[in-house]
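**Student:** Sequence:
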Amino acid sequence: SNKLIAFGIHMCDKMKCPMCEKGALKKGKVKETMFGVELGEFPADICDKCGESFTNSVTTKRIEEAAKKKGMWGLGSMTKV
1 SNKLIAFGIH MCDKMKCPMC EKGALKKGKV KETMFGVELG EFPADICDKC
51 GESFTNSVTT KRIEEAAKKK GMWGLGSMTK V
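Number 67 in the working numbering belongs to position 67 of the sequence shown; there are no gaps in the numbering.
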């Protein structure tokens with residue numbers, strides 16, 4: 001499962017991955033799911049080494065809105081293990 005990290009800056013293709021610090025970030029699309037429910041495909045910067053993906057603040061807001069529409073937003077805080 002990919003972590004969502006919102007960046008307030010534009011990320012260029014030559015930026016180094018902040019997770020593995022080895023790969024370069026490339027523009028692509030990722031399928032986002034929450035609790036097994038598919039939220040859709042969204043633009044992201046994806047590391048060519050570790051595969052971690054990063055979305056900007058606009059895309060992160062779109063993912064949040066998709067989760068709210070499907071009733072998934074906030075379920076994590078209501079779930080007891």
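Treat each hint with caution, since some may be false.
When the alpha-carbon atoms are kept at most 30 Å apart in a straight line, the in silico DSS-like pairs for lysine-lysine are as follows [to be verified]:
id : residue 1 : residue 2
1  : Lys16     : Lys69
2  : Lys61     : Lys16
3  : Lys22     : Lys61
4  : Lys16     : Lys29
5  : Lys16     : Lys70
6  : Lys68     : Lys22
7  : Lys49     : Lys22
8  : Lys70     : Lys29
Don't read these hints as lab results, they were simulated from the structure.
**Student:** May I ask which of the numbered hints given earlier this structure violates, with the numbers listed in increasing order?
**Tutor:** 1, 5 and 6
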